[in-house]
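Peer 1: Please put together the full structure from these sequences, using the hints given.
Each chain, written out:
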Amino acid sequence: MSLPINRTDVELAADDLRRRTLSHMPAPLERMIYLGSTRDYNTGLYYHDGLASRFSDEVACEALALCHRESYRQVLDSSVEDLVRQLDRYIKSTQAAVCDFIAAWKSLQPYRVAVPAATDPLAAEFLCANVRVALAIWEAHQDGRSPQRLGASPQLSPVR
Amino acid sequence: MIQLIISLVVGLALAVSLYFFARRVKPSAEGSAQQLREARQTLDSLQFGLLPNDLVQRIFAREDLEYVLSAAPPDVQSIFLKDRKNIALAWVRRVRSAVLDLMRFHRGHARLHAQLSFSTESRLALNFARLLTACRLLQIALYLRGPYAAPGMVRTAAAAAGRVCLISENSLAFLNVKGIDPAENDPARHRA
Chain A
1 MSLPINRTDV ELAADDLRRR TLSHMPAPLE RMIYLGSTRD YNTGLYYHDG LASRFSDEVA
61 CEALALCHRE SYRQVLDSSV EDLVRQLDRY IKSTQAAVCD FIAAWKSLQP YRVAVPAATD
121 PLAAEFLCAN VRVALAIWEA HQDGRSPQRL GASPQLSPVR
Chain B
1001 MIQLIISLVV GLALAVSLYF FARRVKPSAE GSAQQLREAR QTLDSLQFGL LPNDLVQRIF
1061 AREDLEYVLS AAPPDVQSIF LKDRKNIALA WVRRVRSAVL DLMRFHRGHA RLHAQLSFST
1121 ESRLALNFAR LLTACRLLQI ALYLRGPYAA PGMVRTAAAA AGRVCLISEN SLAFLNVKGI
1181 DPAENDPARH RA
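Going line by line, the protein sequences match chains A and B.
Quick note: the first sequence uses this note's numbering, first residue 1, plus one each step.
Quick note: the second sequence uses this note's numbering, first residue 1001, plus one each step.
Note that these hints are calculated values from the structure, not bench results.
Using N, Cα and C, we set each Cβ at its ideal position, and we do this for glycine too.
Any given hint could turn out to be false.
Unchecked claim - Derived CB-CB ranges, DEER-like: (1) A:Ser37 - B:Ser1078: 28 to 36 Å; (2) B:Glu1121 - A:Arg89: 49 to 57 Å; (3) B:Gly1146 - A:Ala104: 43 to 51 Å.
Peer 2: So, in structure tokens, the structure goes:
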């Protein structure tokens, strides 16, 4: 039987996670994708070896869930323009080939499974629609298809 | 002959209304508790799922439209507008449906609770009617003219829904008595 979780421990673990791991991911979108990937899709539980060894499995799970919800809310609050910038930063951080990245994101839509559990379906759908449009705009910028307007451009750096 | 037909029609009408009256199920204690729980969930889903200011502002944010019009090619612009329209319509539909659920619940329970104040209930009824009308008009506007057609109406509907939630919350204060799982009232469970 597991012991009841101490909220202070969860906060401490979440702070630790923010300081050591998430601080290296400046974009909320990147943090959301990363935290979503620490979740076991069969059980819905989050795992992080380092955090679990410093605290406990349960506390690490709660802390990861807390940070996941936090980053999800930040992505949800982002404007489309900001999302294009976050996507640009994220694509650079993955160092994947641009065409592979776009193909994978268009077909697999990984951002759909990166949404935390028990979120409002309308909000989740809104987030996915925004990411889809941001991806299309980013792709258009790379192809040189987007109308260039000084001040309106997200000032993307060339990735290819 | 005519008198006979009239008598038959009146008789039939009375029999039908008697049938529907007899069919009305009296709420049992368990059913009542279940309805209370459902009303609480509806209220929470409105307050924490659909009406938070930041979500409403983001869905109808004009800055997104301006950015997309200036930075995206026409095909992406139309995808964006279509997505936003669908989401805006889904938002109004869900607000309207939650308000209807709350209204049904109130109608069913108001007569069972002597503590309910007449002025509160009349205010609530007025707000319900105003909100349902605003939602319907907003739906029509969004459907015909797109997601950015009526920002003022969105604000009005959201504010009216907020008022309904508040009055409903006060009126249903008895929901917080024992028997209702307090965890279900935890706003954190309903936030993103």
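Peer 1: Now tell me, hint by hint, if it's right for this structure.
Peer 2: Each hint, compared with the structure:
{"no.": "1", "hint": "A:Ser37 - B:Ser1078: 28 to 36 Å", "result": "33 Å, holds"}
{"no.": "2", "hint": "B:Glu1121 - A:Arg89: 49 to 57 Å", "result": "54 Å, holds"}
{"no.": "3", "hint": "B:Gly1146 - A:Ala104: 43 to 51 Å", "result": "32 Å, violated"}
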